[in-house]
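Student: Construct the entire structure; sequences and hints are all you get.
As given, the protein sequences belong to chains A and B, one line each in that order.
Position 194 of the first sequence, counted from 1, bears residue number 194 in UniProt numbering, the numbering being contiguous throughout.
Position 125 of the second sequence, counted from 1, bears residue number 125 in UniProt numbering, the numbering being contiguous throughout.
Just to be clear, a hint being listed does not mean it is correct.
To be verified - What follows is a list of derived Cβ distance ranges for each label pair: (1) Ser131(B) <-> Glu127(A): 48 to 58 Å; (2) Gln163(B) <-> Glu127(A): 49 to 59 Å; (3) Glu191(B) <-> Thr196(A): 16 to 26 Å; (4) Gln199(B) <-> Met188(A): 25 to 35 Å.
Claimed, not checked - Stretches of chain B that chain A covers, calculated by requiring three or more beta carbons in the stretch to come under 8 Å of a beta carbon on chain A: (5) 108-117; (6) 120-129.
Please keep in mind that the hints were generated in silico from the structure rather than gathered at the bench.
As the structure is a computational prediction, the values presented were derived from the model and not from experiment.
We treat Cβ as the ideally placed atom computed from N, Cα and C, and that holds for glycine.
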Amino acid sequence: MNFDELFGHFGQHTVDGLSKGAIYALIALGYTLVYGVLRLINFAHSEVFVVGTFAVLGAWTAFGMQDRPGAGQAILFLLIGLIAAAVASGGTALALERIAYRPLRRRNAPPLVFLITAIGLSLVLVEILGLLLPRLVGGVFPTLFGRERQIVGMPTIIEQKPLITIGDTSITNVQAIVFFSALLMMAMLDWFINRTRYGRGVRAVAQNPETAALMGVNQDRVIMLIFVLGGVMAGAAALLWSVRFGFTQSSLGFVLGLKAFTAAVLGGIGNLRGALLGGLFLGLVEVYAATLYTSAWEDVVAFVVLIVVLMFRPTGLLGESLGRARA
Amino acid sequence: MSETTSTESREPVIPSQPGPRRLLLEIDQVVLRFGGVVALNEVSFQIHEGEILGLIGPNGAGKTTCFNVMTGVFKPTSGQVRFAGARVSGRKPPEISRMGISRTFQNIRLFPEMTALENVMVGTDSRHKTSVVGALFRLYRVRPKPEELPQVTSEAGLLRTWQQVRRSCAQIFGLSRHILEERAAEKKSLELLRFVGIQGRANEVARNLSYGDQRRLEIARALATEPKLICLDEPAAGFNPAEKEQLLKLIRQIRDRGHTVLLIEHDMRLVMGVTDRVVVLEFGTKIAEGSPDEVSRDPRVIAAYLGESVDAA
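Tutor: Following this line, the structure appears as structure tokens:
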């Protein structure tokens with residue numbers, strides 16, 4: 001166990017962990033929003049995120065982005081990437097709701113059916129994306145069976161440079177962008193849910209769906225709204241992922257989605273601020289664990305922490321539902 | 001994208017005072033079966049605009065079920081509910097709410113983690129016109145009335161310049177309809193809280209309100225949807241005599257604001273004191289209808305209801 005390294009560069013590891021956790025947190029919001037209103041775990045949400053990374057890759061390729069563009073161009077491409085990812089991810093999430101979940105709700109399907117549907121959708125999307133990826137980058141068409149999971153690199157949009165250095169802790173420009181953009185997106189979502197009329201509708205449906213309907217709240221519209229919101233957050237996460245890590249693959253969503261889901265549960269699923277807390281917490285734990293042992297252990301430690309937290313706080317760290325998410 | 005809506009459309013619609021009694025709600029031969037159980041058996045009655053109608057009957061007589069059919073929670077097995085000439089049966093609850101029927105609940109059903117004000121504002125939201133997209137991009141502009149313009153309050157300095165810029169912008173480009181609707185909703189909701197007498201608790205989370213205040217809040221929320229007909233399901237349950245007296249006054253005031261009231265109630269004195277007409281249900285069947293005096297003298301009613309379970313309260 002490498003305690004010297006962990007405590008010797010504690011600040012650096014904390015910065016790394018926070019910027020990693022911010023992406024988890026953004027994805028976790030999608031799980032939490034849908035769960036808060038529908039009590040449904042949308043396992044296909046991880047693929048909503050992957051669709052976002054594909055959209056970023058596609059948009060950057062289509063607009064002919066080169067490695068390391070100038071500052072003006074970089075901002076332009078970030079905007080293009082954000083719009084493409086938000087539209088693609090939000091659209092995918094909305095399509096899932098309209099095509100798969102709404103028909104089930106109409107038939108009053110039991111919760112287990114929703115869960116199986118979500119897992120099935122996730123698999124279907126992974127395979128579709130696997131077929132799509134070579135087309136997107138002009139590679140060979142892989143066979144369905146025994147296909148190697150292609151990893152596709154993206155052009156570097158912003159070169160990592162230390163932005164601020166305090167002692168031996170340095171925060172790179174990319175880390176700062178990722179962390180603060182994620183925080184900004186979450187603050188906007190929090191404001192939307194807690195301060196606007198549509199957020200009021202979302203909370204009303206989360207707290208008491210039947211009464212909300214009798215008071216004139218259109219439940220279907222609220223549900224579409226939360227899917228789109230979760231999708232847009234996943235799209236933003238996809239852009240930040242592309243900026244920070246610069247690659248994608250069709251099966252990217254599996255582990256990442258599981259981590260984001262873990263983050264949502266850690267913070268208290270159904271709670272927006274819990275998702276933020278859970279995501280950052282998980283990011284930190286992973287980086288600390290990878291330093292203490294090796295990076296092969298980070299997943300193990302992440303899930304052990306989840307189990308331990310849930311033993312003592314079964315409802316998660318903040319342990320509230322979306323309906324209760326109040327300042 | 002500029003669109004000016006007429007100013008009348010933003011005013012709350014207050015129906016005229018009861019003149020000639022128009023038919024508002026018609027329950028026509030409604031039958032509701034749950035499997036073998038007949039919950040409502042060919043129930044028919046009418047509610048006229050501007051009256052207070054009492055719906056009474058012993059426990060399990062089908063009063064709340066009757067409400068549920070009217071508000072679209074249950075679809076009648078046969079028969080029809082017509083509201084202002086239009087069919088109610090088969091529509092979804094939000095649609096029925098927009099048609100002008102609203103209700104409170106026997107067991108209180110507020111949004112427990114929202115403030116009192118937010119609870120009422122959820123009610124007003126059903127009358128808003130701006131869509132999500134319209135609100136997000138502030139698409140619809142409305143020419144503001146002078147009092148709606150941003151005020152210039154600061155004496156001098158940057159703040160004053162900023163306020164002046166905002167005022168000029170509003171004069172030139174108009175204000176977003178969404179913003180004006182939000183402001184109007186808040187004002188109206190506060191007014192409704194004042195009307196039911198809990199304006200001091202506007203920012204309290206609903207679950208922290210006292211029992212009586214929660215009941216009053218439910219009435220305010222129901223009124224916020226601008227109903228033509230408001231259905232109160234045992235609003236006096238758990239009230240002491242003084243509170244019941246206040247409630248009587250409130251119900252009359254609701255009628256005077258132009259709403260028609262349907263009242264389910266156990267407490268006979270309350271029903272007799274406030275209603276214009278009473279319908280009596282027993283085992284899902286209507287057994288009497290008439291003025292409170294007539295009904296309370298009806299031997300069948302006395303046998304079914306008054307004789308057995310006059311409420312002690």
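Student: Using the Cβ atoms, figure out if Gln163(B) sits within 49 to 59 Å of Glu127(A).
Tutor: Since the Cβ atoms of Gln163(B) and Glu127(A) sit about 58 Å apart, the hinted range of 49 to 59 Å holds.
Student: Using C-beta distances, would you say chain A covers the segment 120-129 of chain B, given that this needs three or more residues below 8 Å?
Tutor: Satisfied; 7 residues make the cut.
Student: Counting residues of the segment 108-117 of chain B that have a beta-carbon nearer than 8 Å to any beta-carbon of chain A, does the count reach 3?
Tutor: holds (count 6)
Student: Just to be sure I understand the hint, the distance between the Cβ atoms of Glu191(B) and Thr196(A) should be within 16 to 26 Å; is that true here?
Tutor: holds, 21 Å
Student: Tell me if the beta carbons of Gln199(B) and Met188(A) are separated by a distance inside 25 to 35 Å.
Tutor: holds, 32 Å
Student: Between Ser131(B) and Glu127(A), is the Cβ distance one that fits in 48 to 58 Å?
Tutor: Given about 36 Å between the Cβ atoms, the range is violated.
Comparing the model with each numbered hint stated earlier shows that hint 1 is the single one that does not hold.
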